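Undergrad: Spelled out from the first residue to the last, the chains are:
Protein chains: 2
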Amino acid sequence: MTAVQRNAPIDPVKLDRLAEVAIKVGLQLRPGQDLLVTAPSVALPLVRRIAEHAYKAGAGIVTPFLADEAITLSRYRHGHDASFDRAANWLYEGMAKAFSANTARLAIVGDNPMLLSGEDPVKVARASKANSIAYQPALEKIVNFDTNWNIIAYPSPSWAKQVFPDVPEDVAVAKLADAIFAASRVDQDGAVAAWEKHNAVLRERTEWLNGQRFQALKYSGPGTDLTIGLADGHEWEGGASTAKNGITCNANIPTEEVFTTPHCRRVSGHVVSSKPLSYQGTLIDNIQVKFEEGRIVEARASRGEEVLKKVLDTDEGAARLGEVALVPHSSPISKSGLLFFNTLFDENAASHIALGQCYSKCFVNGDKLTPEQIAAQGGNKSLIHIDWMIGTAETDIDGVHADGRRVPVMRKGEWA
Amino acid sequence: MTAVQRNAPIDPVKLDRLAEVAIKVGLQLRPGQDLLVTAPSVALPLVRRIAEHAYKAGAGIVTPFLADEAITLSRYRHGHDASFDRAANWLYEGMAKAFSANTARLAIVGDNPMLLSGEDPVKVARASKANSIAYQPALEKIVNFDTNWNIIAYPSPSWAKQVFPDVPEDVAVAKLADAIFAASRVDQDGAVAAWEKHNAVLRERTEWLNGQRFQALKYSGPGTDLTIGLADGHEWEGGASTAKNGITCNANIPTEEVFTTPHCRRVSGHVVSSKPLSYQGTLIDNIQVKFEEGRIVEARASRGEEVLKKVLDTDEGAARLGEVALVPHSSPISKSGLLFFNTLFDENAASHIALGQCYSKCFVNGDKLTPEQIAAQGGNKSLIHIDWMIGTAETDIDGVHADGRRVPVMRKGEWA
Ligand SMILES: [Zn+2]
Ligand SMILES: [Zn+2]
Ligand SMILES: [Zn+2]
Ligand SMILES: [Zn+2]
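For the protein sequence lines, the chains are A and B, in the order given.
Using the working numbering, read the first sequence as starting at 7 and increasing by one per residue.
Using the working numbering, read the second sequence as starting at 7 and increasing by one per residue.
Hints in this document: simulated from the structure, not taken from any laboratory.
Values in this document were obtained by computation on a predicted structure and should not be read as measured data.
Some clues are possibly wrong.
When chains are identical, the list treats them as one kind, so a pair holds in a single copy or across two.
Stated by the list, open to error - Quick list of in silico lysine to any residue cross-link-like pairs, SDA-like style, CA-CA up to 20 Å:
1. Lys224 with Pro414
2. Lys203 with Leu344
3. Lys62 with Val19
4. Lys62 with Lys129
5. Lys316 with Asp184
6. Lys30 with His276
7. Lys296 with Glu311
8. Lys62 with Asp74
9. Lys62 with Glu125
10. Lys129 with Gly38
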């Protein structure tokens, strides 16, 4: 018997390869390690592939946790007012406990970036705050690399329709799947080897930058004349990095950036954004800001300016930088020409900076520094961490040494 | 535009009614209460309806936890040996914490009852034991009714194919859906009112039985001549019951039984099973046992006898009774003529007894008794609790008073 079947829009071979890369490269999961997987419910086919590769690698217990967009919306549509200040504390506490007990963490992203754009922004902000507070202890263990972790993406239909609004849903899913597979280097055989090679390239960049020990980076380009001081004892990171449990992981798949911690009191000048920023259902476009002594003192945007200003007001550190990252204009994600509305991809399309919290990992011996030492060395502290793109095909970047000597780092958006 | 669509096998109106009954009757969820929902991943359509009714009822946070059969099988097929002694302790501890913090609990059953029948029974037993140990603190809070809880069923395809092996899958799902909806009293309008009426009928039965204060029940029928002593201070339960948090819930939907605690040292005689028992992928059929002083001293089965004997050997209490339940032979589930391979349904098709752990709730002031007092009054203790059917259309049951006076309770399987 035979039946006419619509072609599945997501290539099962590449999907399986993505799962394999997540376990072998992203996490380098060790025999006996438990694994917590969070994912949108539609990503179940990928979660199943992940579980199989995890068990083959000797996983203890794989615990999948599926969130569902319809259930999230149900809360906004039908929930009583008091619901929006609540969070599942028992669950987040449990996660923190799991990470302390050497459980690895895999997050599959793929939610509709505009899911909450039609909901009451006050409720969205309240729910987000309640969640942030409850999640904080678990998140700290991730950000500080207590355990090995990894983020990958699944081409959910609702996300695909945002990236490709003009084509039917299954075509959009197929296109987004292809873009994810290409960016994640699983579009051809030998994906694990391709990642080793890519990690080596990124390591070469970070080693060169760490050897230079620049005091500042100087950006110039259309609308941009910016000096970003680097934190004392900063360290450049990129690609693979070793968690405190001794396991080397690739926290982001894809990743094209090398990044470090700017000095949060030594940034000055003007900069304009080179791509729109998608933030909690709002597009913020054509950002223009002026820094003085590390702080944004003027901010404008052609779209979403109010949301931007609210973000900058979150706390004292929200108007200062916590990350500076270099990405060549020719990066594969940049070349795709797509806006993904998702930081995992968009931050790898251009050199960028991030408002808010810095990474302690981006300091020499960062895991031994106290919060006070990090602050003294120029590390920023905030509840937020928002990456936004400033690199273009016209961007020149110089490294500035303590004696004022300047070394070309990037020319016309490419490594010099 | 129009398109030929296959009719959905599960009626969405009745599915929504089942969700409404679960929230309003099963849980009587209170405004501000959080809700933990566990379900097979295929039951997501029902979980979504549940979440909506929960939020409309004022739920705090609804946390769905979806398990997936393919991921479970993946562990057995690919997991290293050490995996089978592990459990997600952090998650079960979190659940116990949630129940202590007044979170309500909804379990949706619907897994393939034969899922693990092809897997290594030793691994199945190891994994099951590891899970039982990890889940114990949370389970105790459920069994002791610390919070309001409820179990309902979803017609999963893999389960439907077990119940209706001879029809195509979507027909099987439609048939199982209809059977679940009818048994759960959501096949017509006014389901909430129908449950109030049904609860009143069950309450009338328990009040009569509690007024009689029988010392024992005497069963006779083909192959059966059994005396079941009742525990000192036993209390009959059935339908709605009030949890320690003050909320009246219907823990099982459907439910047709009234039940209490037998005296675990005062059961004697012979009894045969009237329906096959489905236990962890094995069918145990035509059970014949002999009790002496509460303990099973002889046990046979035409099928699955080895599994039965292993079960009876689990611990000291596994060969003694922890529950005795009365269900008329004319119960709607009995009339359906179906074997569901699921206790939630099958135990409501006939009068039954359960091996193993008793319910503290089935004692007068049970929530104030210590485990030692419960044991002294005749309550049984075991890691297992397995219901099996003994009622038939020929079964007569008498209540026996302390003075030997006998009162007809059931005649030919119906209330006398
Ligand atoms: Zn970055
Ligand atoms: Zn960043
Ligand atoms: Zn029962
Ligand atoms: Zn029972």
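Undergrad: All the hints need checking, so say for each whether the structure fits it.
TA: Checked hints:
1. Lys224 with Pro414: within (10 Å within a copy, 95 Å between copies)
2. Lys203 with Leu344: neither (25 Å within a copy, 60 Å between copies)
3. Lys62 with Val19: The answer is within: 17 Å in one copy meets 20 Å, while 43 Å across copies does not.
4. Lys62 with Lys129: between (43 Å within a copy, 16 Å between copies)
5. Lys316 with Asp184: neither (36 Å within a copy, 53 Å between copies)
6. Lys30 with His276: neither (42 Å within a copy, 59 Å between copies)
7. Lys296 with Glu311: Cα proximity of Lys296 and Glu311: one copy only (14 Å, versus 80 Å across).
8. Lys62 with Asp74: Classified as between: cross-chain Cα gap 18 Å, same-chain 28 Å, threshold 20 Å.
9. Lys62 with Glu125: Between. Shortest inter-copy distance 17 Å satisfies the 20 Å Cα cut-off; intra-copy 42 Å does not.
10. Lys129 with Gly38: Classified as between; 16 Å across copies, 41 Å inside a copy.
Checked against the numbered hints above, the structure violates hints 2, 5 and 6; every other hint is satisfied.
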